Amino acid sequence: MAYKALELNRPLTYELEGLEVGLTSNCNFRCDYCCAYNRNDGQNLDAREVIRILEDIPTLRRVRLSGGEVTLKFQDCVEVVAYCASRGIQTQLNSNGSLLNEARIQELAAAGLTTIHISFNFTDADQFSNYYHIPVATYHKIIENIRLCAATSIDTVLETLLFEKTQEHLTEISDRAYELGVRTHEIQNSIIMDHTGWKNIAARDQLKRAVAELIAARRQDTALYFTCMDRFAEDLGFREQPGVYFPHCIEGKKQLHLHGNGDVLISELCHPVIIGNIYQGTVLKEIFNTMPAALRDYLDRQPCPALSAIFPGKQ
Numbered sequence: 001m002a003y004k005a006l007e008l009n010r011p012l013t014y015e016l017e018g019l020e021v022g023l024t025s026n027c028n029f030r031c032d033y034c035c036a037y038n039r040n041d042g043q044n045l046d047a048r049e050v051i052r053i054l055e056d057i058p059t060l061r062r063v064r065l066s067g068g069e070v071t072l073k074f075q076d077c078v079e080v081v082a083y084c085a086s087r088g089i090q091t092q093l094n095s096n097g098s099l100l101n102e103a104r105i106q107e108l109a110a111a112g113l114t115t116i117h118i119s120f121n122f123t124d125a126d127q128f129s130n131y132y133h134i135p136v137a138t139y140h141k142i143i144e145n146i147r148l149c150a151a152t153s154i155d156t157v158l159e160t161l162l163f164e165k166t167q168e169h170l171t172e173i174s175d176r177a178y179e180l181g182v183r184t185h186e187i188q189n190s191i192i193m194d195h196t197g198w199k200n201i202a203a204r205d206q207l208k209r210a211v212a213e214l215i216a217a218r219r220q221d222t223a224l225y226f227t228c229m230d231r232f233a234e235d236l237g238f239r240e241q242p243g244v245y246f247p248h249c250i251e252g253k254k255q256l257h258l259h260g261n262g263d264v265l266i267s268e269l270c271h272p273v274i275i276g277n278i279y280q281g282t283v284l285k286e287i288f289n290t291m292p293a294a295l296r297d298y299l300d301r302q303p304c305p306a307l308s309a310i311f312p313g314k315q
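In this note's numbering, the protein residues as written are 1 to 315.
Source of the hints: derived by calculation from the structure; they are not laboratory data.
Check the hints yourself; a few may be wrong.
Unchecked claim - In the DSSO-like style, the derived pairs of lysine-lysine whose C-alpha atoms are separated by at most 27 angstroms in a straight line are:
(1) 165 - 199
(2) 4 - 314
(3) 285 - 165
(4) 208 - 314
(5) 199 - 314
Said to hold, decoys possible - What follows is a list of derived Cβ distance ranges for each label pair:
(6) 144 - 48: 42 to 50 angstroms
(7) 136 - 14: 42 to 50 angstroms
(8) 56 - 147: 36 to 44 angstroms
(9) 10 - 183: 21 to 29 angstroms
(10) 56 - 204: 41 to 49 angstroms
(11) 311 - 131: 27 to 35 angstroms
(12) 101 - 130: 42 to 50 angstroms
Everything numeric in this text was worked out from a predicted model, so none of it was measured.
Where a beta carbon is used, it is the ideal one built from N, C-alpha and C, also for glycine.
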């Protein structure tokens, strides 16, 4: 299954095919736009419990492991990945890349990890350090880990958040990713997220120019994924083409999020509404049949904060 295969077809029927599992709410970074900054509730899931939960969901095609910083629970990651591989379920690790090393990367590859997804917003160590308030040495370690990941069987994806700090540097960032051996670059449209306090987004004209320039500069052997842009891509004159994709949103339609305390959410970032709790009677494999009221309302309205941010008042 290719990267974002679930998102490359518009979800017309609702079935739980993707589950993002928050193994930990702890993180060694404090990114302004991330829920972990505010959540950090100490709730965790260990590998045995995650596997027990996954065993009861026959429709799963992909499991994403995230946090917080998921590699704070590295051995749990390895165990869940190995279990999923035994069932033919694709796995993705969402990480900042700072806690990896060559041995850990090889262990994840041997366990059968499909994709590692690493945030990559800066090509300059000092800019990175100043923005995240992280030592410069951490940036160099992440760079080396990206290079090591790209040399394995793991599909290595770098994600860049599109906002004022990156909008003028997308081509530069993509070029650096290419130099590191990465051939899949995802651009995440930044949206206003009141629950994190994040309001620092790219304006429409800047977004349009940045995306157009990056598409024009794309190398033939590189795939670009522009996330949270499918609802307005045509209005801005963007079109899908070989190597350029505008994945459909599957949040709440084919993918849900599970927190360490058992809460089930429609989405982690875009629509963080709790629709149940697996320790309080919610059965994941039946959730689209029982249809909690908040989920039904979401599917009826399909609110899109990315769309409303670019075209205020439009849904």
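Hint-by-hint comparison with the structure:
This hinted pair checks out: residue 165 and residue 199 have alpha carbons roughly 13 angstroms apart, not beyond 27 angstroms. About 26 angstroms separates the Cα atoms of residue 4 and residue 314, which keeps this hinted pair within 27 angstroms; it holds. Taking the CA atoms of residue 285 and residue 165, the gap is about 41 angstroms. The hint is violated against a cut of 27 angstroms. Of the pairs offered as hints, the one joining residue 208 and residue 314 holds, with about 18 angstroms between alpha carbons and a cut-off of 27 angstroms not exceeded.
Note on residue 199 and residue 314: the hinted pairing holds, with a Cα-Cα distance of about 18 angstroms set against a maximum of 27 angstroms. Under the hint 42 to 50 angstroms, the C-beta atoms of residue 144 and residue 48, about 32 angstroms apart, miss the expected range. A hinted range of 42 to 50 angstroms holds for the C-beta pair residue 136 and residue 14, which are about 46 angstroms apart. Checked against the given bound of 36 to 44 angstroms, the beta carbons of residue 56 and residue 147, roughly 39 angstroms apart, stay inside it.
As the Cβ distance of residue 10 to residue 183 is approximately 25 angstroms, the hint placing it in 21 to 29 angstroms holds. Range check, residue 56 to residue 204: Cβ separation about 44 angstroms, and the 41 to 49 angstroms hint holds. Between residue 311 and residue 131 the Cβ separation comes to about 29 angstroms, which falls inside the hinted range of 27 to 35 angstroms. A hinted range of 42 to 50 angstroms is violated for the C-beta pair residue 101 and residue 130, which are about 25 angstroms apart.
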